[in-house]
Amino acid sequence: MKDLTEQILQDVITTRPQESFKGTFGKVLLVGGNHQFGGAIIMAATAAVNAGAGLVTVACDLVNRTALHARLPEAMVIDFSNQAALLEMLNGVDTIVVGPGLGEEEQSLAVLKTVFANTKPTQTVVIDGSAITLMATHQLAAPAGHLVFTPHQMEWQRLSGIPIKDQAEALNQAAQEKLGGPVVLKRHHTEIYTANGTFRLPIGSAAQAVGGMGDTLAGMVGGFYAQFKEAGDQAVLAAVYAHSAIADQIAKDQYIVLPTQIATALPSFMKKVEQGPATHHIGFLGGELRC
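Residue 202 in the numbering used here sits at position 202 of the sequence shown, with consecutive numbering throughout.
Hints are not guaranteed to be accurate.
To be verified - Below, simulated DSS-like cross-link-like pairs (lysine-lysine); rule was C-alpha separation at most 30 Å, straight line:
1. 27 <-> 229
2. 272 <-> 2
3. 178 <-> 27
4. 229 <-> 22
5. 22 <-> 178
6. 271 <-> 252
7. 2 <-> 165
8. 178 <-> 120
9. 252 <-> 272
10. 27 <-> 113
11. 22 <-> 272
12. 165 <-> 27
13. 113 <-> 2
14. 178 <-> 229
15. 271 <-> 27
16. 22 <-> 252
17. 113 <-> 178
18. 229 <-> 271
19. 165 <-> 178
20. 165 <-> 22
21. 272 <-> 27
22. 229 <-> 120
23. 229 <-> 272
24. 27 <-> 252
25. 165 <-> 272
26. 2 <-> 252
Just so you know, these hints were derived from the structure itself, not from any lab.
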């Protein structure tokens, strides 16, 4: 298992071409946020927008629409129970993030089945949170597309059948190969299993043990895949590293790190990376980025 280093940021986060428009940087659809867990999809969408995705749409319970637009006017919103609207949007994006705040109710399952039945092989599908649990519980076939799974250890136990105490590298890698897409196993020192190797995140801390941290990571993964298409699976490695690198800087001055702080810091962090390794060591002062 290889340790990730800052080099992954330089490898993935590159200068944007001047001859570009919003469509150049990908179209992301995030599906989740039922009547109870709207905050999760708002945090995921905020991370996708701040990571640089060109166009972001949220499919959620419309009870969340006002809160979403108040917090994130950059995102569009549709009703996830409107099947025609959901199908139209699924057909028009290149990256899908499904699961943050989706819940495990009958409606949640119906929405997930619609998503899984209508993805395309050319799309990236990030499967997170409730979607992983529903997939495992109801033994749903995997959707078409380039799949990425972002489970915590209990969700991974449900999906892979490997008890938490037995989640060692060899067993995890074998389960990943059966799933056919990268697995981001969220834990202390998160592990990422891909077809091209296994990677360990050597940074991060207990300051990140806050609700919504995984939702923010899922949104970042979706945003990085949409924007940095040429990077392939290195995009997920960069998203995972950036997520904890920002958190570690905030944790120098705070007892805990809020997921929304990570998303807010992303544009400045990525700008420092773009400027080169001598400049992207970022700190924080009073909640603001400083060099």
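Hints, verified against the model:
1. Distance hint between residue 27 and residue 229 is fulfilled; the C-alpha atoms sit about 11 Å from each other, no more than 30 Å.
2. The suggested pairing of residue 272 with residue 2 holds, with an alpha-carbon distance near 25 Å, which does not exceed 30 Å.
3. With a CA separation close to 28 Å, the supplied pair residue 178 and residue 27 stays within the 30 Å bound.
4. Restraint check: the Cα-Cα separation between residue 229 and residue 22 comes to about 14 Å, which is no more than 30 Å; the hinted pair holds.
5. Note on residue 22 and residue 178: the hinted pairing is violated, with a Cα-Cα distance of about 35 Å set against a maximum of 30 Å.
6. Pair hint residue 271 plus residue 252 holds up; C-alpha atoms about 21 Å apart against a cutoff of 30 Å.
7. This hinted pair checks out: residue 2 and residue 165 have alpha carbons roughly 21 Å apart, not beyond 30 Å.
8. Under the criterion of a C-alpha separation no larger than 30 Å, the hint pairing residue 178 with residue 120 is consistent with the structure, at around 19 Å.
9. Proposed proximity of residue 252 and residue 272 is supported: the alpha carbons are some 19 Å apart, at most 30 Å.
10. For the hint pairing residue 27 with residue 113, the CA-to-CA distance comes to about 21 Å; that is within 30 Å, so the pair holds.
11. Distance check on the hinted pair: residue 22 and residue 272 sit about 21 Å apart at the alpha-carbon level, within 30 Å; holds.
12. Distance restraint check for residue 165 and residue 27: the Cα-Cα separation of roughly 38 Å exceeds the 30 Å cut-off, and the hinted pair is therefore not satisfied.
13. As the CA atoms of residue 113 and residue 2 are separated by approximately 36 Å, the hinted pair breaks the 30 Å bound.
14. Straight-line distance between C-alpha atoms of residue 178 and residue 229 comes to about 24 Å, which keeps the hinted pair within the 30 Å bound.
15. Straight-line distance between C-alpha atoms of residue 271 and residue 27 comes to about 21 Å, which keeps the hinted pair within the 30 Å bound.
16. For the suggested pair residue 22 and residue 252, the alpha carbons sit about 35 Å apart, so the restraint of at most 30 Å is broken.
17. The suggested pairing of residue 113 with residue 178 holds, with an alpha-carbon distance near 21 Å, which does not exceed 30 Å.
18. Pair hint residue 229 plus residue 271 holds up; C-alpha atoms about 18 Å apart against a cutoff of 30 Å.
19. Restraint check: the Cα-Cα separation between residue 165 and residue 178 comes to about 20 Å, which is no more than 30 Å; the hinted pair holds.
20. Proximity of residue 165 to residue 22 is assessed by CA-CA distance (about 45 Å); at most 30 Å being required, the pair is judged violated.
21. Under the criterion of a C-alpha separation no larger than 30 Å, the hint pairing residue 272 with residue 27 is consistent with the structure, at around 24 Å.
22. Taking the CA atoms of residue 229 and residue 120, the gap is about 16 Å. The hint holds against a cut of 30 Å.
23. A hinted pair counts as satisfied when its Cα atoms are at most 30 Å apart, and residue 229 with residue 272 qualifies at roughly 21 Å.
24. Of the pairs offered as hints, the one joining residue 27 and residue 252 is violated, with about 35 Å between alpha carbons and a cut-off of 30 Å exceeded.
25. Straight-line distance between C-alpha atoms of residue 165 and residue 272 comes to about 39 Å, which puts the hinted pair past the 30 Å bound.
26. A threshold of 30 Å between alpha carbons decides the hint, and for residue 2 with residue 252 the separation of about 26 Å falls inside it, so the pair holds.
Checked against the numbered hints above, the structure violates hints 5, 12, 13, 16, 20, 24 and 25; every other hint is satisfied.
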